[in-house]
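Number of protein chains: 2
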Amino acid sequence: MKTAVLGVSSSKFGELWDVSPRTLVSQTANEVLKASQLSIADIDAIYVGNMLSGILGNQENLGSFFAEELGANCAAFKVEGACASGGLAFHNAYLGIKSGAYDRVLVIGVEKMTDHKPDEVASGLMGAGSEEERVSGITFPGLYAIMARAYINKYKIPKEYLASVAVKNHYHGSLNPKAQFQRAITIEKALQSTMISDPLTLLDCSPISDGASAAVLVNEKNVGGKNKPVWVIGSGVATDSLGLSKRDDITSLKSARLAAIKAYKQANVKPADIDIAEVHDCFTIAEIMALEDLGFYQKGKSGKAIFEEKLTLGRSKELVVNTSGGLKACGHPVGATGVKQIVEVVEQLRGKADKRQVEDVRIGLTHNVGGSGAVAVVNIFKRAKDQ
Amino acid sequence: MKTAVLGVSSSKFGELWDVSPRTLVSQTANEVLKASQLSIADIDAIYVGNMLSGILGNQENLGSFFAEELGANCAAFKVEGACASGGLAFHNAYLGIKSGAYDRVLVIGVEKMTDHKPDEVASGLMGAGSEEERVSGITFPGLYAIMARAYINKYKIPKEYLASVAVKNHYHGSLNPKAQFQRAITIEKALQSTMISDPLTLLDCSPISDGASAAVLVNEKNVGGKNKPVWVIGSGVATDSLGLSKRDDITSLKSARLAAIKAYKQANVKPADIDIAEVHDCFTIAEIMALEDLGFYQKGKSGKAIFEEKLTLGRSKELVVNTSGGLKACGHPVGATGVKQIVEVVEQLRGKADKRQVEDVRIGLTHNVGGSGAVAVVNIFKRAKDQ
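First to last, the sequence lines map onto chains A and B. Letter by letter, the first sequence follows residues 1 to 387 of the numbering used here. Letter by letter, the second sequence follows residues 1 to 387 of the numbering used here.
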């Protein structure tokens with residue numbers, strides 16, 4: 001059964017202190033239903049991607065929670081895989097359609113983080129790490145700093161290459177009215193920002209954010225209406241150890257490489273066929289590794305390409321990466337991120353990305369990672385011919 | 001794509017203070033792989049059903065956590081829907097096979113509850129309730145007591161009918177070496193046990209438990225080996241409000257009725273075709289409602305049938321319910337329960353249930369509920385002809 005994305009929608013990402021998770025999801029879901037020309041009664045199943053509702057909100061029946069809020073009695077599930085929860089919810093929603101069990105599915109990614117104390121959030125996020133890492137007191141900036149050091153030592157790249165990821169994504173974020181940070185930065189500013197965990201400075205790190213994103217998936221019999229379908233042509237998931245200490249190589253994510261192989265094979269496309277990609281830049285080093293894990297560059301080579309603005313909107317003729325601003329500038333409400341990536345790719349494939357629009361995009365990819373690489377999901381999308 | 005259960009396995013249920021969740025799952029998963037004549041490398045995806053790892057254990061990447069423990073790099077997900085998490089994980093694993101994305105899938109249900117303080121567990125479990133219920137301080141025995149009172153008032157049944165659910169399920173549990181409580185009780189003992197929340201006494205309530213259960217699902221191309229397949233012929237999920245106050249009727253669960261309609265339709269069977277059922281008897285009143293919601297009895301009629309031992313092993317010629325001992329006597333490690341129900345039904349359909357074996361079983365059903373009925377999943381299984 002061929003599967004298409006019909007409608008997509010995202011809330012503003014940022015510090016949304018004036019809305020509850022309930023309101024945030026309700027607004028976003030109603031927008032996506034309207035965009036899909038459907039009502040909630042048309043939906044067969046709701047897949048919610050979320051990581052922290054249990055730890056931070058003591059709420060562990062989140063599928064039903066949002067089904068009730070939306071006035072539905074349909075099937076509902078929460079799918080959890082740390083910061084990849086949104087992408088994994090989408091993957092299972094896609095399988096729900098492909099199986100023939102469901103005709104029309106609503107995927108919601110949501111996280112509400114900024115209402116909580118920073119140490120509670122940091123502790124909650126370490127729920128995605130290994131036990132050894134958690135008890136040692138390390139947090140994610142430290143884990144990615146270890147990977148950044150190993151990468152810099154191995155491939156001898158200057159710190160400017162890391163900073164250039166932030167510069168590119170902040171530039172893209174400056175064009176995105178939904179982004180948490182809508183301002184461009186310079187390499188100098190990135191390098192001079194507060195040191196968080198050497199070599200990562202503040203502007204190497206994605207923020208703590210609130211936000212919700214949603215998509216409606218349908219089978220081929222249910223395409224139609226004002227939105228041309230965007231076809232899902234591949235979706236792959238793979239895992240690796242939770243902790244860094246058990247990996248052969250910490251300058252690359254095995255989970256992402258394996259997930260990409262599956263997705264490319266299903267989609268029958270090569271990395272060179274991809275026109276746009278939203279990748280999981282929770283830290284700048286993560287985007288550098290992602291571009292290599294996804295086969296766009298050889299190991300050690302992607303940083304220079306980013307520095308030379310080869311992946312920047314308006315500069316690239318081949319591949320533009322993180323037009324939404326990425327996790328870095330658009331924000332990273334962890335359960336929402338994987339769905340927001342899909343929202344951006346679908347809008348680009350439809351030519352609806354306004355100031356961020358990349359010319360003549362045909363195939364787009366999303367890359368969503370949980371923890372420091374314990375799980376990764378890669379989805380590939382293709383626009384309908386007459387879009 | 002036709003889907004079959006190949007192997008099943010459960011740990012002992014009870015207070016398992018000497019094993020970690022890691023060991024519990026590792027042992028159970030290795031048993032189920034052995035029973036399925038597969039190795040972990042043959043598995044394409046792992047679906048974990050669990051509710052409380054985040055709230056009680058600050059662990060929120062549970063799919064990857066167990067994939068690592070088992071030495072896998074395959075896809076892995078946690079599916080959460082309160083006490084229905086196990087059944088919902090199974091449902092999504094089933095759709096994963098049906099979609100053609102996965103050939104062989106491992107489903108694990110697990111919960112480790114008795115290591116934690118009772119008030120922490122009670123608070124965590126209320127993560128499945130509505131906000132109004134949570135802030136009012138009510139817990140699940142109170143919610144089910146409200147339903148029991150409403151039911152008793154409406155249908156004028158004696159408390160002996162409730163007690164007879166416990167008597168039946170404790171009798172079945174006495175025959176199950178994996179059950180938490182392996183002792184028969186009497187109606188008098190049940191009625192005289194400590195009052196928990198009027199009209200529910202201690203023996204109307206399922207216990208707090210630890211345990212893990214697992215099943216391997218395969219598509220029709222991968223059946224074979226020593227185990228004859230048990231076919232999955234229907235799987236339906238539906239939802240209702242989290243809280244009781246928003247429901248039209250609190251003497252029946254709408255989510256269960258809707259889920260059953262879907263499952264029966266898919267399976268093309270009627271309630272009268274079901275030979276055995278494992279139903280969600282978190283409290284005795286829940287089994288009484290379940291038997292009516294599933295269409296086995298008219299409203300108000302099931303309690304008398306249970307009291308008259310019409311659903312008891314060795315007495316019934318038509319339908320035997322909760323041969324495992326149910327949640328009541330086998331125990332209720334919440335994320336494991338939905339998978340344990342499937343383990344029991346599959347073993348019965350294979351004639352491998354030892355002292356609990358029901359004669360000539362052909363079709364079995366599982367009914368797994370989250371919260372006080374916010375979500376329900378009904379699965380239907382059929383034995384291969386030559387089993």
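These are computed hints drawn from the structure, not numbers from a lab. Please note that the accuracy of each hint is not assured.
One copy or any two copies: either way a pair holds, since identical chains are not told apart in the list.
As a list, the in silico DSS-like pairs of lysine-lysine whose alpha-carbon atoms are at most 25 Å apart [stated by the list, open to error]: (1) 2 to 221; (2) 310 to 382; (3) 221 to 159; (4) 304 to 262; (5) 265 to 2; (6) 12 to 299; (7) 228 to 352; (8) 262 to 2.
- Given a CA cutoff of 25 Å, do residue 221 and residue 159 count as a within-copy pair, a between-copy pair, both, or neither? neither (50 Å within a copy, 52 Å between copies)
- At 25 Å max between alpha carbons, let me know whether residue 265 reaches residue 2 within a copy, between copies, both or neither. both (16 Å within a copy, 24 Å between copies)
- Between the shortest in-copy and the shortest cross-copy C-alpha distance, which are at most 25 Å for residue 304 and residue 262: within, between, both, or neither? Neither way: residue 304 and residue 262 sit 27 Å apart in one copy and 55 Å across, limit 25 Å.
- Which holds for residue 310 with residue 382 at a C-alpha limit of 25 Å: within a copy, between copies, both or neither? Within. Shortest intra-copy distance 22 Å satisfies the 25 Å Cα cut-off; inter-copy 58 Å does not.
- What label fits residue 262 with residue 2 when the C-alpha limit is 25 Å: within, between, both, or neither? So residue 262 and residue 2 pass the 25 Å test inside a copy (17 Å) and across (23 Å) alike.
- Message: At most 25 Å between CA atoms: does that hold for residue 2 and residue 221 within a copy, between copies, both, or neither?
- Response: both (9 Å within a copy, 22 Å between copies)
- Message: When Cα atoms must be at most 25 Å apart, do residue 12 and residue 299 count as within-copy, between-copy, both, or neither?
- Response: neither (35 Å within a copy, 48 Å between copies)
- Could you figure out if residue 228 and residue 352 sit no more than 25 Å apart (CA to CA) within one copy, between two copies, both or neither? within (12 Å within a copy, 53 Å between copies)
In the structure shown, a violation is registered for the earlier hints numbered 3, 4 and 6, in ascending order.
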